[in-house]
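Visitor: Use these hints to put chain R onto chain B, whose structure you have.
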Amino acid sequence: MKNLLILGAGTAGTMMANHLRPKLYSNKWNITIVDQYKTHYYQPGFLFLPFDTYTENQVKKEGKKFIPKFVNYIQKKIEKILPEENKVVLEDETLDYDVLIIATGSKIAPEETEGLLGSLWKKDIFDFYTYEGSLALRNKLRNWEGGKLVIHITEMPIKCPVAPLEFAFLADSFFRKKGMRDKVDITYVTPLTGAFTKPTCSSALAYLLKEKNIHMEADFAIEHVDNETKEIVDYEDKRIPFDLLVTVPTNMGDEVIEKSGLGDDLNFIPTDHNTLQSLAHENIFVIGDATNVPASKAGSVAHFQAETLTDNILLYIDGYPLKKEFDGHANCFIETGDDKALLIDFNYVTEPVHGKFPFAKIGPLSLLKESKFNHWGKLAFRWIYWNMLIKGIAIPFVSRHMSFKGKVFDIKPDIKE
Amino acid sequence: MSVKTIAGVEVNVSDEGYLEDMSQWNEDIAKDIASEIGIELTPKHFEVINYLREKTAAKEALTIRKVGKSGIVDIKGLYKLFPKGPLKFSSKIAGIPKPTSCI
Numbered sequence: 001m002k003n004l005l006i007l008g009a010g011t012a013g014t015m016m017a018n019h020l021r022p023k024l025y026s027n028k029w030n031i032t033i034v035d036q037y038k039t040h041y042y043q044p045g046f047l048f049l050p051f052d053t054y055t056e057n058q059v060k061k062e063g064k065k066f067i068p069k070f071v072n073y074i075q076k077k078i079e080k081i082l083p084e085e086n087k088v089v090l091e092d093e094t095l096d097y098d099v100l101i102i103a104t105g106s107k108i109a110p111e112e113t114e115g116l117l118g119s120l121w122k123k124d125i126f127d128f129y130t131y132e133g134s135l136a137l138r139n140k141l142r143n144w145e146g147g148k149l150v151i152h153i154t155e156m157p158i159k160c161p162v163a164p165l166e167f168a169f170l171a172d173s174f175f176r177k178k179g180m181r182d183k184v185d186i187t188y189v190t191p192l193t194g195a196f197t198k199p200t201c202s203s204a205l206a207y208l209l210k211e212k213n214i215h216m217e218a219d220f221a222i223e224h225v226d227n228e229t230k231e232i233v234d235y236e237d238k239r240i241p242f243d244l245l246v247t248v249p250t251n252m253g254d255e256v257i258e259k260s261g262l263g264d265d266l267n268f269i270p271t272d273h274n275t276l277q278s279l280a281h282e283n284i285f286v287i288g289d290a291t292n293v294p295a296s297k298a299g300s301v302a303h304f305q306a307e308t309l310t311d312n313i314l315l316y317i318d319g320y321p322l323k324k325e326f327d328g329h330a331n332c333f334i335e336t337g338d339d340k341a342l343l344i345d346f347n348y349v350t351e352p353v354h355g356k357f358p359f360a361k362i363g364p365l366s367l368l369k370e371s372k373f374n375h376w377g378k379l380a381f382r383w384i385y386w387n388m389l390i391k392g393i394a395i396p397f398v399s400r401h402m403s404f405k406g407k408v409f410d411i412k413p414d415i416k417e
Numbered sequence: 001m002s003v004k005t006i007a008g009v010e011v012n013v014s015d016e017g018y019l020e021d022m023s024q025w026n027e028d029i030a031k032d033i034a035s036e037i038g039i040e041l042t043p044k045h046f047e048v049i050n051y052l053r054e055k056t057a058a059k060e061a062l063t064i065r066k067v068g069k070s071g072i073v074d075i076k077g078l079y080k081l082f083p084k085g086p087l088k089f090s091s092k093i094a095g096i097p098k099p100t101s102c103i
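Protein sequence lines correspond, in order, to chains B and R. Just so we're aligned, residue 1 is where the first sequence starts under the working numbering, counting upward by one. Just so we're aligned, residue 1 is where the second sequence starts under the working numbering, counting upward by one.
Treat the hints as calculated values from the structure; they're not laboratory data. Mixed in with the good hints there might be a few duds.
[Said to hold, decoys possible] Using 25 Å as the maximum straight-line C-alpha spacing, the simulated BS3-like pairs for lysine-lysine come out as follows:
id : chain 1 : residue 1 : chain 2 : residue 2
1  : B       : LYS259    : R       : LYS98
2  : R       : LYS98     : B       : LYS238
3  : B       : LYS107    : R       : LYS59
4  : B       : LYS61     : B       : LYS198
5  : R       : LYS66     : B       : LYS238
6  : B       : LYS140    : B       : LYS80
7  : R       : LYS66     : R       : LYS44
8  : R       : LYS66     : B       : LYS198
9  : R       : LYS59     : B       : LYS324
10 : B       : LYS80     : B       : LYS38
11 : R       : LYS69     : B       : LYS107
[Stated by the list, open to error] Chain B side only, calculated, beta carbon under 10 Å to chain R, not exhaustive:
id : residue
12 : GLU112
13 : PRO191
14 : THR193
15 : GLU217
16 : ALA221
17 : ASP265
18 : ASN292
19 : ILE344
Beta carbons: idealized from backbone N, C-alpha and C, even for Gly.
Same shape as in the complex, but just chain B (with noise of 0.2 Å):
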């Protein structure tokens, strides 16, 4: 027997266990998978938990429960990889394997600035990125009475990179309904040159900021938080006052990959861009967070993966040459607020443009545009979430590939400096 090992039971760990385990003989292939939390979470739903538009139990299940039949789910610690030996060392056995699939995805990692983790950590900072923090955030904001918000991030790559100019708008659309917007002050800083990076977008979104009344720091490259005076400091030593900080911190892999010597400075691992298979070592495979590819960090960008990396395993267990084929597609719902969102579909080359998805001309859904449509879509995006796409069933319409099908490239960008 050979075996098939699959270090984390997130998304996109538990996507590649549902989508082999039907495709590799039982007789010939074991399949095994690792995770040493119980709980499968619904990480899209963070940024909903803190406005009390979800509660605690539509964001989490018991991860077991995805896993599918005749894969052995193994709830331990991983201690290391050793990719010279074909074994990765778990907390008190140590499994074999043939081909390795790395899917442990990426953390927060408070701990990287200065002063952070300080005396006022979980008091007026607060993350969303967790279970606990996105939770504590919203027992404070139930009571908060207002004051300066500073929606923050600390540096790139993260996690889902529009979550935090979600939360900016469901902020905005937050405090109105409760009747207290004009006592809340809402500033986002990032490290980036503003909210909208790409031609394309800060030419059709650029509104939304001014409509919203959302300030804006940019260039903000954070040094330290100065938990004396309430202020985040950049290495200019420029000072942003607040006084609730809701900060998205340093993203980074796992701690395994550093120890197993896997990673790079944030210990993402180098992986093909195409065929996600790791530079270093052949019969080692990288999926979701956990690679270094420049693609977003997100759901949907795994789900895509997962589709490429299921074949590629395939040819690669048979002697074929990989498929080179993953192109960065991410399609994602963006909430603007007052329920309504924007979805943008794109990938390594192509920036999000206008049009209609899935179908040309049809839609239902909008690209770039706000529409409750699209808001609906995200609501409904957490049933396809748990009863389809972590279980490897396709969503109907929705390819790998970015399509250019009902795309119109209509968007002049804005031409600065």
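Guide: Okay, now just chain R, sitting in the frame of chain B:
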């Protein structure tokens, strides 16, 4: 995309003035872009620029952190070399694409 003459050479640039093709770059182009921004390039600037070009050619994503750990300059030093937007300006001068997010 448009064509612009920088340091006597016709190059393809984005609407924000970033080179579209990093192979069209040379040191004189770098100096011209830098002086437009208001930066006078020193050998230290070029060490950073060459590092950025090397990493971009190897298809590695660039972050301020990465430059800070490169051994060439720390993050404070990077800000001193390229004030008010270290990665933005250094990328522009190095003839590589602007660092972007997904929208």
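Visitor: Would you check the hint for R:LYS66 and R:LYS44, treating anything up to 25 Å between C-alpha atoms as holding?
Guide: Holds. R:LYS66 to R:LYS44 sits at ~17 Å (cutoff 25 Å).
Visitor: Less than 10 Å between beta-carbons is the criterion; does B:ASN292 satisfy it with respect to chain R?
Guide: This interface hint holds because 7 Å falls under the 10 Å limit.
Visitor: Mind checking the alpha carbons of R:LYS66 and B:LYS238 for me, to see if they're no more than 25 Å apart?
Guide: Given that 25 Å is the threshold and the Cα spacing comes to 22 Å, the pair holds.
Visitor: Taking the least C-beta to C-beta distance, is B:ILE344 closer than 10 Å to chain R?
Guide: For B:ILE344, the interface hint holds, since the closest Cβ of chain R sits about 6 Å away, which is under 10 Å.
Visitor: Let me know if the C-beta of B:ASP265 comes in closer than 10 Å to any C-beta of chain R, holds or violated.
Guide: 6 Å, holds
Visitor: Could you grab the alpha-carbon distance between B:LYS259 and R:LYS98 and see if it respects the 25 Å cut-off?
Guide: With Cα atoms ~32 Å apart, B:LYS259 and R:LYS98 exceed 25 Å; violated.
Visitor: Under the criterion of a CB-CB separation shorter than 10 Å, is B:THR193 in contact with chain R as hinted?
Guide: Status holds, d = 6 Å.
Visitor: Holds or violated: the hint that B:PRO191 contacts chain R, with Cβ atoms closer than 10 Å.
Guide: At 7 Å from the nearest chain R Cβ, B:PRO191 passes the 10 Å test, so the hint holds.
Visitor: Closer than 10 Å between Cβ atoms is the bar; does B:GLU112 clear it against chain R? Give me holds or violated.
Guide: Check passed: Cβ of B:GLU112 comes within 8 Å of chain R, closer than 10 Å.
Visitor: Against the 25 Å threshold, does the CA-CA distance of R:LYS98 and B:LYS238 hold or violate the hint?
Guide: 23 Å, holds
Visitor: Hint check: R:LYS66 vs B:LYS198, CA-CA at most 25 Å. Holds or violated?
Guide: The hint holds at about 22 Å.
Visitor: If you draw a straight line from the CA of B:LYS61 to the CA of B:LYS198, is it 25 Å or shorter?
Guide: 36 Å, violated
Checked against the numbered hints given earlier, this structure breaks hints 1, 4, 6, 15; the rest are met.
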